[in-house]
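Line by line, the protein sequences are chains A and B. Going by our numbering, the first sequence opens with residue 10, and the numbers climb by one from there. Going by our numbering, the second sequence opens with residue 707, and the numbers climb by one from there.
It should be emphasised that the hints constitute simulated quantities derived from the structure, not laboratory data. Please read all numbers here as calculations on a predicted model, not as lab measurements. Possibly wrong hints are sitting among the right ones.
[To be verified] List of simulated lysine-lysine pairs, PhoX-like, C-alpha gap at most 25 Å:
1. A:K15 / A:K83
2. A:K110 / B:K839
3. A:K110 / B:K793
4. B:K766 / B:K839
5. A:K138 / A:K15
6. B:K811 / A:K138
7. B:K789 / B:K802
8. A:K15 / A:K50
9. B:K802 / B:K766
10. B:K783 / B:K724
11. A:K83 / A:K26
12. A:K50 / B:K811
13. B:K772 / B:K811
14. A:K110 / A:K50
15. A:K50 / B:K839
[Said to hold, decoys possible] Far from chain A, by Cβ distances over 10 Å, these chain B residues were calculated:
16. H709
17. A768
18. V774
19. K789
20. S800
21. Q834
22. Y853
Glycine residues also receive a C-beta, built at the ideal position from the N, C-alpha and C atoms.
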Amino acid sequence: MSLSSKDKQLVKAMWAKAAPKAEEIGHDVLTRMLSVYPQTKTYFSHWPDLSYGSAPVRNHGRKVMGGVAEAVEKIDDLVGGLLTMSELHAFQLRVDPANFKILAHNLLVVLAKTFPVDFTPETHVAMDKFLARVALALSDKYR
Amino acid sequence: MGHWTEFERSTIQSIFSKLDYDVAGGKALARCLVVYPWTQRYFGNFGNLYNAAAIMGNPKVAAHGKVVLQGLDKAVKNMDNIKAAYKELSVLHSEKLNVDPDNFKLLADCLTIVVAAQMGAAFTAQVQAAFQKFLAVVVSSLCRQYY
Numbered sequence: 010m011s012l013s014s015k016d017k018q019l020v021k022a023m024w025a026k027a028a029p030k031a032e033e034i035g036h037d038v039l040t041r042m043l044s045v046y047p048q049t050k051t052y053f054s055h056w057p058d059l060s061y062g063s064a065p066v067r068n069h070g071r072k073v074m075g076g077v078a079e080a081v082e083k084i085d086d087l088v089g090g091l092l093t094m095s096e097l098h099a100f101q102l103r104v105d106p107a108n109f110k111i112l113a114h115n116l117l118v119v120l121a122k123t124f125p126v127d128f129t130p131e132t133h134v135a136m137d138k139f140l141a142r143v144a145l146a147l148s149d150k151y152r
Numbered sequence: 707m708g709h710w711t712e713f714e715r716s717t718i719q720s721i722f723s724k725l726d727y728d729v730a731g732g733k734a735l736a737r738c739l740v741v742y743p744w745t746q747r748y749f750g751n752f753g754n755l756y757n758a759a760a761i762m763g764n765p766k767v768a769a770h771g772k773v774v775l776q777g778l779d780k781a782v783k784n785m786d787n788i789k790a791a792y793k794e795l796s797v798l799h800s801e802k803l804n805v806d807p808d809n810f811k812l813l814a815d816c817l818t819i820v821v822a823a824q825m826g827a828a829f830t831a832q833v834q835a836a837f838q839k840f841l842a843v844v845v846s847s848l849c850r851q852y853y
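Chain B extracted, bound-state conformation (with noise of 0.2 Å):
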């Protein structure tokens, strides 16, 4: 965990200097919400999430994308040591938020088709492969602080 070779290093800075943060963390969380129903659970407050297309209309679902992909930011400008740098946002999902720890791969999960129908072709096998092993240490760190 945490070793990065030169190709998934550039890779990871490369898709996220192309990802709109206003745009995609919610498109991800908006997906999330339509394909995992289950997850709707942590956003009672969210309003109308009645159908996909309120979901996926939804100004507050957009919003907290944004906030998601800042999170996400965080790993990208910190990727020699993202264990450090979530421990708060660990303790905030686990203490406070209460988040079943299963649901932050099924965002990543989204993220990954999010981004591979942005990317196209270029969302090649080895791009996926270091988009996923980078979330996949985003997810184990944000599980951490679990007790």
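Chain A extracted, bound-state conformation (with noise of 0.2 Å):
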């Protein structure tokens, strides 16, 4: 499912709108995910405080929004562009893909609750498309 000019526009201008407060989504994303989908949580066993407001959540909340920024960057070629990225993930993080989707669900539910009015049916249609985008370039390296 390609992205065409009007998706890609309709991306830019919700992630602008999302960049200042970009820090505050990334933690509700996470945390949100990982008390949704508790299954996730195994990823982060090495952290001693999964908590909300905790620093590890907050560091990595803001380093996943750095990610998908980066993305929205790189729009016109995902996979080229995530490269390292998804070597990331392939070889050392081994994060299963179908968290990816779960990932993105929350960072749709997030965006739905910052910007009700903003967060239109064909935003959200781009953005689903976008992120499922991101989602098989990052498991692009993985076999």
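Starting from the two chains in their separate frames, assemble the complex, guided by the hints.
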């Protein structure tokens, strides 16, 4: 499901609004994912504290949002642009790609609750397609 | 399945008591038809579904959204035995409507987004977990009579 130029426009516009709140959004997304989908906690057994507001969760939320921001910039060539990220996820982190969908869902929920007016159905479909493509690019080097 | 904590019970009752059944169902269904356009296959006689604006303004979509939400209300009123309450609805969806059960999850996700947008900050992780658990039980009950 490839991204039309309208999709790319909508993604960039939504991201421009979200970027100033990136830290708080990233934190919300991660906290939500860890509690609504407890199986995702299995990847963070090395963190002493998984609770809301904890430093590891905040830092990681920031990292993840940085990754998505990079993907927005490289929206015209996600597989090429996210090559290093893919290698990281494939060889070191070895995150089961099913979890990319889970993270994406939580990002959409947080965008909806933070920007109820801007997160129109058209923006929703563009973001959903974009995140699916990001997930595909991230899993590119898996096998 | 079907075991609810006090928090989950009261959260679900509270969410649904605050939903405008005339509006929320239609919004969720319209969003589903826009975000997952293949779901339009079940609505061939709904007229103009050519673009997002048409879908969002389509009166048949709005009316059907209300029907869907009234169906969900049945689950809200029978939380302790959604499986039994949904037996006929499940048969209807599998034998008469021939809906691919994967679609139930898509609509459920769209309803989650609509509720999140309405509740804003009040849609905490705990509330989301309760809501999604409820919808998962509903979806599973709808899938039961598929053979």
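Taking the hints in turn, this is what the structure says about them:
Annotation: proposed proximity of K15 (chain A) to K83 (chain A) holds, straight-line Cα distance about 16 Å (limit 25 Å). Restraint check for K110 (chain A) and K839 (chain B): satisfied, since their Cα atoms lie roughly 17 Å apart, inside the 25 Å limit. Of the supplied pair hints, the one linking K110 (chain A) and K793 (chain B) is violated, its CA atoms being roughly 30 Å apart against a limit of 25 Å. At roughly 29 Å between alpha-carbon atoms, K766 (chain B) and K839 (chain B) are farther apart than 25 Å, so this suggested pair is violated.
Between K138 (chain A) and K15 (chain A), the direct Cα distance comes to roughly 12 Å. Compliance with the 25 Å bound is thereby established for this hinted pair. Only pairs whose Cα atoms come within 25 Å are accepted, and K811 (chain B) paired with K138 (chain A) is accepted, the gap being roughly 17 Å. Among the hinted pairs, K789 (chain B) with K802 (chain B) is consistent with the structure: their alpha-carbon atoms are about 19 Å apart, no more than 25 Å. Using a Cα cut-off of 25 Å, the hinted pair K15 (chain A) and K50 (chain A) is violated, with the two alpha carbons roughly 36 Å apart.
The suggested pairing of K802 (chain B) with K766 (chain B) holds, with an alpha-carbon distance near 19 Å, which does not exceed 25 Å. With a C-alpha separation of about 15 Å, the suggested pair K783 (chain B) and K724 (chain B) falls inside the 25 Å cut-off, and the hint holds. In summary, the hint linking K83 (chain A) to K26 (chain A) is supported, as the alpha carbons are separated by about 18 Å, within the 25 Å threshold. As the CA atoms of K50 (chain A) and K811 (chain B) are separated by approximately 23 Å, the hinted pair is consistent with the 25 Å bound.
Our distance criterion of 25 Å between C-alpha atoms is met by K772 (chain B) and K811 (chain B), whose separation comes to about 18 Å. Proposed proximity of K110 (chain A) and K50 (chain A) is supported: the alpha carbons are some 15 Å apart, at most 25 Å. At roughly 18 Å between alpha-carbon atoms, K50 (chain A) and K839 (chain B) fall within 25 Å of each other, so this suggested pair holds. No beta-carbon of chain A is positioned within 10 Å of the beta-carbon of H709 (chain B); the least distance is around 16 Å.
A768 (chain B), annotated as away from the interface, keeps every beta carbon of chain A farther than 10 Å; the closest lies near 14 Å. Every beta carbon of chain A lies more than 10 Å from that of V774 (chain B), the smallest distance being close to 16 Å; the non-interface claim holds. Every C-beta of chain A lies more than 10 Å from that of K789 (chain B), the closest at about 23 Å, which supports listing it as non-interface. S800 (chain B), annotated as away from the interface, keeps every beta carbon of chain A farther than 10 Å; the closest lies near 26 Å.
Once the 10 Å rule is applied to beta carbons, Q834 (chain B) is inconsistent with being away from chain A; the minimum gap is 5 Å. For Y853 (chain B), the requirement that its beta carbon stay farther than 10 Å from each beta carbon of chain A is met, with the minimum near 27 Å.
The structure fails to meet hints 3, 4, 8, 21 from the earlier list, while all remaining hints are met.
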